[in-house]
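One letter stands for each residue in the lines below.
Number of protein chains: 2
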Amino acid sequence: ARDGPRVRPIHGIVRAMYGNAIILAPGAFRSDHAKTAHGLVRGSERFAILGVVDADAAGEDAGTVLDGQPRGIPIFATLNLAISALDPRPDTCIIGIATGGGRLPAELRALLLEAAREGLHIVNGLHEYASDDAQIASAAAATGAKIFDVRKPQPKNELHFWSGQIANVRAPRIAVLGTDCALGKRTTGRLLVEACRGAGLGAEMIYTGQTGWMQGGKYGFILDSVVNDFVSGEMEHAIVTCDAEASPDIIFIEGQSALRNPSGPCGAELVVSGQARGVILQHAPGRIDFKGHAGWKIPPIEEEIELLRLYGARVLAVTLNHDRLEPAALIEVQKKLAGRLGIPVVRPLEAGLAEIVPTIRAFIEYEASRKKT
Amino acid sequence: ARDGPRVRPIHGIVRAMYGNAIILAPGAFRSDHAKTAHGLVRGSERFAILGVVDADAAGEDAGTVLDGQPRGIPIFATLNLAISALDPRPDTCIIGIATGGGRLPAELRALLLEAAREGLHIVNGLHEYASDDAQIASAAAATGAKIFDVRKPQPKNELHFWSGQIANVRAPRIAVLGTDCALGKRTTGRLLVEACRGAGLGAEMIYTGQTGWMQGGKYGFILDSVVNDFVSGEMEHAIVTCDAEASPDIIFIEGQSALRNPSGPCGAELVVSGQARGVILQHAPGRIDFKGHAGWKIPPIEEEIELLRLYGARVLAVTLNHDRLEPAALIEVQKKLAGRLGIPVVRPLEAGLAEIVPTIRAFIEYEASRKKT
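As they're listed, the protein sequences go chains A and B. So the first sequence is residues 184 to 556, counted in the numbering used here. So the second sequence is residues 184 to 556, counted in the numbering used here.
The following block holds chain A by itself, in its conformation from the complex (with noise of 0.2 Å):
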């Protein structure tokens, strides 16, 4: 068994999850509204990721086609290519993609109910549940296939109101936040800890969203499913379950949206309620506005840092996305940037983030001997 009692269950049905899977993302493989497929891509520890549906990108590596590194992920025309053509069989499928205002297309049904048809069990992160679709679900139950709702808010029984215990974790925490949503705060956060193992460190890192829990995160919760007022208690008990169990050198915490996006304020949290001393910041340079907020421009990254400074947290390192910007502009701006913040400001994807770990290391000294006085 991969799993194991440590694993934070969603809806109790963590141990059943883990398998096979293709990724559902018809027409939008090649787009930034393939978040959560190009984060299965990237990696995951709960699933088996054999292959991507997407007949606009069909024959080509998924590995290839979202940075140019060949994965051995095939992409197929359609959902029963895929099946016919995959050994082992994949026994579940995942929606790879965000759609407007989490809603399901009529494609994107189309192919949920095939795959009900076909016995996959199907991982749903949109707002609109397919357990809902009375087609869909009695597919799914005539074939054994299970639906999960990743997104369906927790009974209220299972959540937790923070308590002030997080004053008595271990692990010093650090935030990986972001000046906007989707840039890549999540990968940064999986390169972190991937870095800080790399330096022989124990690291953990909380998930937020449902993608960090699809690549098999174990202590986390879904930021936006929760009822507002169990957040800081939800964040707080990952945190503390993490630090007793993991018993981890520093702990991050992923970020969601941006402390000033209009569309949905988020960051606070993390620092406040979390106790996140450090910060490490995902900026885009190349972003004028708000990421679908047109006229609604991003402010500045050191009105963002002091900000951060005044809710108690210090900003570590910025890492670059290089969204709209081509290398060479790109280092020209982190160049830049360095100067003028007098941190540490790398590229994770172009240059890796082993040369920020000796901060880290840092900031965990400092964090402990800031305990001891």
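Note that these hints are calculated values from the structure, not bench results.
Chain copies aren't distinguished; within one or between two, either way the pair holds.
Derived pair list, reagent style EDC-like, types lysine to aspartate or glutamate, alpha-carbon separation capped at 20 Å:
no.	residue 1	residue 2
1	339	407
2	339	316
3	218	239
4	555	426
The structure presented is a predicted model; accordingly, all values stated were derived computationally and were not measured.
Please arrange chain B on chain A, whose structure you already have, making use of the hints.
Using the frame of chain A, we list chain B on its own:
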């Protein structure tokens, strides 16, 4: 009919909800656990408040106990005594206290069962639902009493995502925030609306808590009961609807918690998603720690003002809560703070809010001129 289509329903129940109500606050009316009861005694346009049940304060007038101003609202030792004595007979009972973890303790449960048997509708804002209690539910069904669990999250198809429409709202917004929870934000908001209306300004308040709804708020939502993803959209929707229907000169938005309250930070939503460019900041200078969290210090008010400035909002005035301070000491603090901050600092409960109406008027004019240019 005092109700109209502009009133936002909670679970479609608003039209049924105007009535003659009694408040249940057993053993607690004198304590600050009875925040909801106190708000309702101060005023409600949704219910006529006929009496309070609390054996510890029985025989007194609820207004006198609250702030020395009799309001003709008697306190009774038992529900039975209240029903016998009151004319008209109450048709509704409202839970007026907050309990640990929002649970329904045995004494309160017994009172609700008695109320249901007497045919009284039940308004419950606790996290634990009265309708989940089989005995209460069946007693209510037998007498025709209705149970309104105000905090039950609304179904997703009734909720809104943030859309950016806020940019088209004509009335400027002022967020009524605080440096802690439970220090009078809602009451200050009501007094602000009153003071503005008294001076001939069209003023509305967006409620964000259950008490605001119980008091008859026409526009708003219950922030802590909304699934997190919809908080910003529900706020925008309430503001947009209020602006379109009531065409006010100024909209106040009731704040919750505090920006840096570790048990659940809140406030950025109002400024960022609700685009409130002005803030009235409620502050209890006598408090050292966040309420209910000993050892978690309330940070300096200057920092709070700077934090809000970085979020894009200007603090227009500070309103003081007298908690733990003698009247003379409060006046002393008021003078010092006014000198230090250079903005009006007032005592709403002691001196009213008429003196900051010119500040609000200047804000409205400034925002109007800013829009033109």
